Amino acid sequence: MPQEATGLHETTFSVSAMDCVSEENIVRLALAEVPGISSLTFNLAKRELKVVHQGEAIRILERLRPLRLGAEMRESHLLASPEGSRTLRSTCSVPKMDCPSEENMIRMAFGDVVGVKSLAFDLPNRKLEVVHESDAQVLLDRLAPLNLGATLKDSAPLSATAQIPTSSSQDDADEARTLRLLLMINGVMFFLELALGLVAQSTGLIADSLDMFADAAVYGLALYAVGKAASLKVRAARVAGWLQLLLALGALAEVMRRFLFGSEPESVLMMGVGVLALAANVTCLVLISKKRDRGAHMTASYIFSANDVIANLGVIAAGVLVALTGSPYPDLIIGTIIGVVVMNGARRILQLR
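Each residue of the sequence shown is one higher than the one before, starting from 9 at the first, in this note's numbering.
Treat the hints with caution; some may be incorrect.
Lysine to aspartate or glutamate pairs mimicking EDC-like chemistry, simulated, CA-CA at most 16 Å apart [stated by the list, open to error]: (1) Lys-104 with Asp-130; (2) Lys-125 with Asp-143; (3) Lys-161 with Asp-130; (4) Lys-58 with Glu-80; (5) Lys-125 with Glu-31; (6) Lys-125 with Glu-41; (7) Lys-104 with Glu-83; (8) Lys-104 with Glu-80; (9) Lys-161 with Asp-143; (10) Lys-104 with Glu-70; (11) Lys-54 with Glu-31; (12) Lys-54 with Glu-83; (13) Lys-125 with Asp-106; (14) Lys-125 with Glu-137; (15) Lys-54 with Glu-80; (16) Lys-135 with Asp-106; (17) Lys-54 with Glu-70; (18) Lys-58 with Glu-18; (19) Lys-58 with Glu-31; (20) Lys-54 with Glu-32; (21) Lys-54 with Glu-41.
For each label pair, taking beta carbons as the anchor points, the in silico distance ranges come out as [claimed, not checked]: (22) Leu-254 with Glu-83: 25 to 33 Å; (23) Phe-199 with Leu-69: 30 to 38 Å; (24) Asp-162 with Leu-75: 39 to 47 Å; (25) Asp-149 with Asn-51: 47 to 55 Å; (26) Ala-287 with Asp-27: 34 to 42 Å.
Think of the hints as simulated: they come from the structure by calculation, not from any bench. It should be emphasised that the depicted structure is a prediction, and the values quoted were computed from it without experimental measurement. Even glycine gets a Cβ: it sits at the ideal position worked out from N, Cα and C.
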C-alpha cells in the first residue's frame, strides 16, 4: 500500500438515494466492520457522507455500492500522516456521570472530534476510557462545558497489538430493537400515567409520568441521533431538554396548586396505576438485563430503569400512606421529589453545547 493511503483521511461520498434515517442506518451497518474508520458524518439535505478513515477510500466505496444508493466518491484528502499520528488510550474521571442522559451528552460532545476511535463508559466507577489520535486536551475541552466534573487521570500510547473495542452489526441491530421497545413502553406509560394521574388528583402519578417521558426522551434521542451530524444531535438533545423542563415545572406548579387549594388523591387508583407502571419498568429492566454486558450504554440503561422501579415503589407507598392517613401530603411529597429529579435531568441536558 502506498504511504499516502496509510494516513488519516477524510473522504466525501455523494449518496444520491440517501434521504432518510433508515438509509443512514443501512450505511452505518454496512461500514460497521470496515477497519480504520474513525467517524461518519451524514448530511441528508445534501445526500452526502463524510468518512474519517485510515487506508484506501476504495474499500469504503466497495461496501457502499451493493446498497444501490448511488454512492460515488467525490473527494478525499489527508488529515494526518502516519509519522505525525499516534493512538492513545486516555482515562477520564467523570464524577457526575451516573445515567444514560449524561452518557449520551458525552457521546454527542465527541460526535465530530476527528480521530476518536472508541468510547468505553464505566458508570459505577464514573470513568470514561477514550481511544483516540488527537491530543488528550481536546477531550477535556469537549467535556468541560458539560459541567460533569471531568478530569484526565491517565493518557498513554496504545500498543500496536492492542484491540480497539468495536461492536458488530448484529449487536447494533439487537440494541436498536431493544431501544425501540423501551421507547414504546415508556411512551405509552407516559400518556397513561398522566391521564390517570389527573383523574386521581395525584401529583405523584403526574410526576412519575414525566419520569417515563424522560426515559422515552433518552431512548428516542439515542435512536434519532444514530449516524447524524453532531449539530443535529445537540439540537435534538436541547429540544428534549426544554420539553422535559417545561413538563417538570408544570408538575411542580401542580403540586403547589394542590398544596394551596387542597386535593383529594384517590389512593386506590394511585396504587393501581403505580403497580401497572412498576410492571412496565420491571419489563424494561428484564429486557435491558439481557444485554447489559454488551456495552456501557446498555449497562447505564439497566441502572436507569432500576432507579425507575424505586420511583414506582415510592408512588405505591404514597398511595398506601394516603389510604392510611387520609392526608394528601404523602402524594405531594412524592410528586415534588420526582419533579425535582426530572427537572435536574433537563438542566444537565440543556448544559450541552
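**Q.** Violated constraints from the hint list, given by number and in increasing order
**A.** 5, 7, 8, 10, 13, 17, 21, 22, 23, 25
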